[in-house]
Amino acid sequence: SQTIHQWPATLVQPVGSPLSLECTVEGTSNPNLYWYRQAAGRGLQLLFYSVGIGQISSEVPQNLSASRPQDRQFILSSKKLLLSDSGFYLCAWSRDRGHYGYTFGSGTRLTVV
Amino acid sequence: GQNIDQPTEMTATEGAIVQINCTYQTSGFNGLFWYQQHAGEAPTFLSYNVLDGLEEKGRFSSFLSRSKGYSYLLLKELQMKDSASYLCAVKIKAAGNKLTFGGGTRVLVKP
Chain D
32 SQTIHQWPAT LVQPVGSPLS LECTVEGTSN PNLYWYRQAA GRGLQLLFYS VGIGQISSEV
92 PQNLSASRPQ DRQFILSSKK LLLSDSGFYL CAWSRDRGHY GYTFGSGTRL TVV
Chain Y
-6 GQNIDQPTEM TATEGAIVQI NCTYQTSGFN GLFWYQQHAG EAPTFLSYNV LDGLEEKGRF
54 SSFLSRSKGY SYLLLKELQM KDSASYLCAV KIKAAGNKLT FGGGTRVLVK P
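Protein chains in written order, with this note's numbering: chain D, 32 to 144; chain Y, -6 to 104.
Looking at chain D on its own, in the form it has when it is part of the complex:
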């Protein structure tokens, strides 16, 4: 069966510090991978998605970047965090073809102070 791992679960970082959130998927190959952010009490905003190694699509201009160095690894990064980067970050995967939804990781709650 497929599983998705996301870490860390919580993170408190000062403004201006770097960020690296990691997500890995097991039990499948060539998944579509996604990073979403959810502000408190709000819906999910798609930040990045990837359909293959090294292929990253950005949905909104921002202070963040993403990379996919391996087939089942997706990394969200920032060189200098802003207060507005605080939120609940969710990684998700889906199959490329067919009528499949997403399976989400457990999320990372980031607080920038």
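Read the hints as simulated data drawn from the structure, not as lab findings.
Among the hints, a few may not be true.
[To be verified] Residues from chain Y shown here face chain D by an in silico Cβ test under 10 Å; the list is partial: (1) Gln12; (2) Thr37; (3) Phe56; (4) Asp75; (5) Ala82; (6) Lys84; (7) Gly89; (8) Asn90; (9) Thr93; (10) Gly95; (11) Gly96; (12) Gly97; (13) Arg99.
[Unchecked claim] Pairs of lysine to any residue, SDA-like flavour, derived with a Cα cap of 20 Å: (14) Y:Lys86 x D:Gly83; (15) Y:Lys74 x D:Ser137; (16) D:Lys111 x D:Gly72; (17) Y:Lys86 x D:Val82; (18) Y:Lys74 x D:Gly72; (19) Y:Lys86 x D:Leu78; (20) Y:Lys86 x D:Arg126; (21) D:Lys110 x D:Trp38; (22) Y:Lys86 x D:Gln76; (23) D:Lys111 x D:Ser96; (24) Y:Lys86 x D:Thr134; (25) Y:Lys86 x D:Gln86; (26) Y:Lys86 x D:Trp38; (27) Y:Lys50 x D:Thr134; (28) Y:Lys86 x D:Lys110; (29) Y:Lys86 x D:Ser89; (30) Y:Lys86 x Y:Arg59.
We put the CB at the ideal spot given by N, CA and C, even for glycine.
Fit chain Y to the known structure of chain D by using the hints.
Then chain Y, alone, in the frame of chain D:
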């Protein structure tokens, strides 16, 4: 772009029925999903509709009308554990099978 609307909050009584509506405007519609999200947790899959009609899964049912750009999620025999946010999401025919989410409906079940 896509526009997905759902009510912000609903309150219902334990044992009752609640219907959460979702309207959407999108091009390249390729399916509608409902997710449940408890506070502080990741969303979990509830239902999927791609054709018009009703899909029933235990106490939860989801309906879709593609011509009206409308869906609803029906929760029956409400239990306290059903207190959560319910997210409507639309998939479009485009690279990456992206899902666009509505803002979510927070359902509070009272005893």
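Hints versus structure:
1. Gln12: violated, 19 Å
2. Thr37: Because about 8 Å separates Y:Thr37 from the closest Cβ in chain D, which is inside the 10 Å limit, the hint holds.
3. Phe56: Given a least distance of 17 Å, the restraint on Y:Phe56 is violated.
4. Asp75: violated, 19 Å
5. Ala82: For Y:Ala82, the interface hint holds, since the closest Cβ of chain D sits about 8 Å away, which is under 10 Å.
6. Lys84: Given a least distance of 8 Å, the restraint on Y:Lys84 holds.
7. Gly89: Hint on Y:Gly89: holds, closest Cβ of chain D at ~5 Å, below 10 Å.
8. Asn90: Where the cut-off is 10 Å and the nearest Cβ of chain D is about 6 Å from Y:Asn90, the hint holds.
9. Thr93: Holds, about 7 Å.
10. Gly95: With Cβ-Cβ at 6 Å, under 10 Å, it holds.
11. Gly96: holds, 4 Å
12. Gly97: holds, 5 Å
13. Arg99: holds, 8 Å
14. Y:Lys86 x D:Gly83: Holds. Y:Lys86 to D:Gly83 sits at ~18 Å (cutoff 20 Å).
15. Y:Lys74 x D:Ser137: holds, 19 Å
16. D:Lys111 x D:Gly72: violated, 25 Å
17. Y:Lys86 x D:Val82: With Cα atoms ~14 Å apart, Y:Lys86 and D:Val82 stay inside 20 Å; holds.
18. Y:Lys74 x D:Gly72: Given that 20 Å is the threshold and the Cα spacing comes to 19 Å, the pair holds.
19. Y:Lys86 x D:Leu78: Holds, at roughly 18 Å.
20. Y:Lys86 x D:Arg126: Answer holds: Y:Lys86 to D:Arg126 is near 14 Å, not above 20 Å.
21. D:Lys110 x D:Trp38: OK: D:Lys110 and D:Trp38 at ~18 Å, within 20 Å.
22. Y:Lys86 x D:Gln76: Holds: Y:Lys86 and D:Gln76 sit about 18 Å apart, inside 20 Å.
23. D:Lys111 x D:Ser96: holds, 11 Å
24. Y:Lys86 x D:Thr134: Given that 20 Å is the threshold and the Cα spacing comes to 19 Å, the pair holds.
25. Y:Lys86 x D:Gln86: Distance ~19 Å between Y:Lys86 and D:Gln86 Cα, so the pair holds.
26. Y:Lys86 x D:Trp38: violated, 31 Å
27. Y:Lys50 x D:Thr134: holds, 19 Å
28. Y:Lys86 x D:Lys110: Answer violated: Y:Lys86 to D:Lys110 is near 33 Å, above 20 Å.
29. Y:Lys86 x D:Ser89: At roughly 17 Å apart (the allowed maximum being 20 Å), D:Ser89 and Y:Lys86 satisfy the hint.
30. Y:Lys86 x Y:Arg59: holds, 15 Å
Checked against the numbered hints listed earlier, the structure breaks hints 1, 3, 4, 16, 26, 28; every other hint is satisfied.
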